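Below, each chain spelled out in residue letters.
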Amino acid sequence: MKKVLFATTALIATASMAAAEVKISGYGRFGLDYNDRNAVSGTNGIGAPANGISETTITSRLRLQFDMSTETDGGVTLGARFRAQAESRDNVAGTAGFNGARFYASYGGFTLGVGNIIGAIEGMPGLYLETNSAGIGIDGAGFHSLVTNVNNSFFDWDAYDSVGAGANGIEVLYKSGAFAAHISYSETNARAATFRFDPTTGLAVPVPATPRTNRTAANVAYTFGDWTAALAVQSSDRIGEDKTVFTIAGNIGQFGVRFAAADNDGIKKYGIYGNMDIGTASNILLFVTSEDAADAGAIAQGRDNRDSTAGNDTGGEGESYGIHYAYDLGGGASFEAGAVRSSNDQTQVQAGVFFKF
Amino acid sequence: MKKVLFATTALIATASMAAAEVKISGYGRFGLDYNDRNAVSGTNGIGAPANGISETTITSRLRLQFDMSTETDGGVTLGARFRAQAESRDNVAGTAGFNGARFYASYGGFTLGVGNIIGAIEGMPGLYLETNSAGIGIDGAGFHSLVTNVNNSFFDWDAYDSVGAGANGIEVLYKSGAFAAHISYSETNARAATFRFDPTTGLAVPVPATPRTNRTAANVAYTFGDWTAALAVQSSDRIGEDKTVFTIAGNIGQFGVRFAAADNDGIKKYGIYGNMDIGTASNILLFVTSEDAADAGAIAQGRDNRDSTAGNDTGGEGESYGIHYAYDLGGGASFEAGAVRSSNDQTQVQAGVFFKF
Amino acid sequence: MKKVLFATTALIATASMAAAEVKISGYGRFGLDYNDRNAVSGTNGIGAPANGISETTITSRLRLQFDMSTETDGGVTLGARFRAQAESRDNVAGTAGFNGARFYASYGGFTLGVGNIIGAIEGMPGLYLETNSAGIGIDGAGFHSLVTNVNNSFFDWDAYDSVGAGANGIEVLYKSGAFAAHISYSETNARAATFRFDPTTGLAVPVPATPRTNRTAANVAYTFGDWTAALAVQSSDRIGEDKTVFTIAGNIGQFGVRFAAADNDGIKKYGIYGNMDIGTASNILLFVTSEDAADAGAIAQGRDNRDSTAGNDTGGEGESYGIHYAYDLGGGASFEAGAVRSSNDQTQVQAGVFFKF
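Protein chains in written order, with full-length UniProt numbering: chain D, 1 to 357; chain V, 1 to 357; chain P, 1 to 357.
These are computed hints drawn from the structure, not numbers from a lab. Be aware that a few hints might be false.
[As the list claims (entries may be wrong)] In silico negatives: residues of chain P with every beta carbon more than 12 Å from chain D:
(1) Gly-74
(2) Thr-188
(3) Tyr-222
(4) Phe-255
(5) Tyr-321
(6) Gly-331
[Unchecked claim] Among chain V residues calculated to face chain P with C-beta under 8 Å, some are:
(7) Gly-28
(8) Ser-60
(9) Leu-62
(10) Ala-86
(11) Val-257
(12) Ala-261
(13) Ala-293
(14) Gly-330
(15) Gly-331
(16) Gly-332
(17) Lys-356
Just so you know, these numbers come straight off a predicted model, no measurement behind them. Don't be surprised by glycine CBs; every beta carbon is placed ideally from N, CA and C.
I would like the entire structure built from these sequences, with the hints used as guidance.
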């Protein structure tokens, strides 16, 4: 019944048009997630009413990715990335379908990106954890480790969107030896107004069209020996999204160490990160971040973060801690486990498996 | 213009990571469907008002399936199944998009499944017809042959969902020689409340969020010679979904015979099934099922099935009959035709072609 | 990380089932679009209020296409075409997902198509421009060159739908030597009634179910030497969709010339088209179309086209002009640029790149 089997790094090409190709890749991951923000009845740990979801749920994601490209006679590579993804978190299924495509043209050290762009904040070195989920556990567990995620402002920068259309942006990436730079600009695609159901009134409530957001961002990075330092900035026409981010990461013997700091339009956050290989197959990672109180300007904007305790993924003043353990199972698969306690007093513990294809 | 052609059982692999692979397979089917529940004007055969759909329509489905897997150094296979499907039935197009993924880990005779699981009722031997549609004709023609489909309760068990997110479940399958067992548990993903249009009032009517359903099911099967017997049970927290199902199927010379019986929480149904190869390329299949009157418990639940005549796919007390003919055209293709008369006095006749790829 | 690379015209097959195959192909295109119907504030060139969209936006599309087929022992090819597509035009993202499938069975010169059919108007030779977008520029720039697109009636014929379910139709194509014919019939799939948000009232407004449309169309084409002439007709049960179309196209030395004329149920439109290769890699194309005033019958239907100036893609009495330039970059890629001035006084200018895979 299964007819076609094709696998890693196989290249089938003919002389006539060897440049054009489609690569299929992706990953699967699944495991258990304990999240103390969920509660079937009563209230959760911080007094919020129950959301009817078990504290322990299955978290899973399947990503199927198509990378298509060709090369012109002049040596320019033209290509695109297209992704379909299904996932379930906290017992809610995400939309499973294709996203918007990112198009690119690259020549030498230059790459021009168009459409569902990566973005210069997202693309800076040293921002995400060095794990398969780029966060803690199986699904990132809230990504509290990022210094750019602060009180009620998580992921407020352009990033390649795996399930939606993404930013309708344009970006230029340049790399020459130890130096790399990245500039991005987006004018987000409009989304039509729609409705949602208000369970309190039982009525249809209009959800207004998404406001267009213009974001400009840039990063520069330099690698010297085992170390890479990077600086990124973002300017946005939406309140609270201006950012300045600095990271430096490197190796000291078998230890990987990293430091990151960001000013999120008046809310400062920094983090220190370390990971260590144990034997030939294991790696353990630790992090701590500290989010400062909002400054006067941010408070004037209504972004006071001193008592942010409600909901998931909100951040707030204080420290977040996390630990992650990965064991390489071979064949592109690994066992992954982690725990995080965030500055909004949320605890998540996850364990499961991850496999690439 | 068409660049990539790849086909059956081709394996392209390199030494570096031979375990990871993606298989692409699927099927297409299309044909004509006569369904006496449709009527362009007036009333249909049982007095229900016309739904504006021709009695004869095109029925079609295209299924495109991705099976990705890898093998760890320890010999555990990790994988997932992901499916995109487009279809049209009764002149209404289904949603065309990806479904939720089923993830699995298998080792020896054990398989752990997670996400959009198969389910132990769905996965029991001897439940479905031995045809390409697993029912009568091109698209199953209502699947009246299943002893688990009774009055107003069709497909009320966990099954791998080809178009939606499916159950967010977990299951264990075990097979050792002639013995097989399967246990499944699901806590269905929540779906957000939404709206539908009420043509009578012209108003938006809230469609409440899907209630979470917890289902536990198990089956055991044993094969002795040419015969396989299976027993399955389901316990659900939704009314009327508790089930006990027994099947036995085998071969007597050139004849395939099967018997199935189920108690659907107070509504008993049994079926007998036979099929016979004719020459080298043809097969003919016949079935009859009988649905008993609901017992006192089921009637008390409001599930009285004595006069169920409205709508499609509702079952009801009485007998259903079906006949199916398949002719193998070679190359994975076949001609398929069938007719069914169900206990709710609905008649469907279908003919068309089916091809695998 | 990227595991599978496969490319043009590679055929991997085994003896056991060589007939079944899946081909993956598609294209990407992206560039800039200047459209004077967009305006961020104030009014656009014809006095309509601003739609909040920049006059210059990124236009892009990625198309990923799956062609699956098999061949029966009797030599009949059974297959289907399935497509996923993401695009952004005028800063609005299209739906990214799979469409309805077109199924087919072909034998000798005959092909039977079912489902999301091509349609006999869409499939006639000489209707579209000879460019990669089949229109002007990167995304067709409104397709004003088609003689079948007139005042408020654009694309009112059956065509393979790249993003929706398409027509639920049936068609027969025949080709024998210089002669070709195509007959199509559709009964469009119903779409359920839904809602949209009315920004003026802030209320939910019902969008009625799509009315079923029955269309019958046919074309015949004959090739004599370097020339092909074609005649097509359409009869529809929706007002204004009856059509008669004639085209003739051929080559005079290095020049390609074409003439097309259509009567769109009382609104006549004709066009002349010429293109010329320049050197080995360039091609330049010019067109002019003229839309006549609506006749008395069309005016009586409310389809008066004398002063149609509002909105995009509406046509109207008068002339449309366009120019397009393409430069072959090799590897299936090209540079594309074009400009169009339409009879409704709309100007669009586009430039970008196109690549096949």
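* **Interface hint status, Ala-86 of chain V versus chain P (Cβ within 8 Å)** => Since the shortest Cβ distance to chain P is 5 Å, the answer is holds.
* How about Lys-356 of chain V: closest beta carbon in chain P under 8 Å, or not? -> 7 Å, holds
* Using Cβ atoms only, decide whether Ala-261 of chain V comes closer than 8 Å to chain P, and label the hint accordingly. => 38 Å, violated
* To do: Hold the hint about Gly-330 of chain V up to the distance rule: shortest CB distance to chain P must be less than 8 Å.
  => 3 Å, holds
* To do: Quick one: work out the minimum CB distance from Tyr-321 of chain P to chain D and report holds if it exceeds 12 Å, violated otherwise.
  => 29 Å, holds
* Does the no-contact call for Gly-74 of chain P survive, Cβ to all of chain D over 12 Å? -> 21 Å, holds
* Status of the stated non-contact between Tyr-222 of chain P and chain D (beta carbon gap over 12 Å) -> Since the minimum Cβ distance to chain D is about 32 Å, Tyr-222 of chain P lies beyond 12 Å and the statement holds.
* Against chain P, with CB atoms and a cut of 8 Å, does the hint on Gly-331 of chain V hold up? -> 4 Å, holds
* Asked: Can we trust that Phe-255 of chain P is non-interface, i.e. its beta-carbon lies farther than 12 Å from all of chain D?
  -> 26 Å, holds
* Asked: Close enough to count: is the Cβ of Ser-60 of chain V nearer than 8 Å to one in chain P?
  -> It holds, given that the least Cβ distance between Ser-60 of chain V and chain P is near 5 Å, below 8 Å.
* To do: Closer than 8 Å between Cβ atoms is the bar; does Gly-332 of chain V clear it against chain P? Give me holds or violated.
  => The hint holds - Gly-332 of chain V has a Cβ within 8 Å of chain P, the shortest such distance being about 5 Å.
* Hinted contact Ala-293 of chain V with chain P - closest CB pair below 8 Å -> Given a least distance of 35 Å, the restraint on Ala-293 of chain V is violated.
Going through the hint list in order, the structure does not satisfy hints 6, 11, 12, 13.
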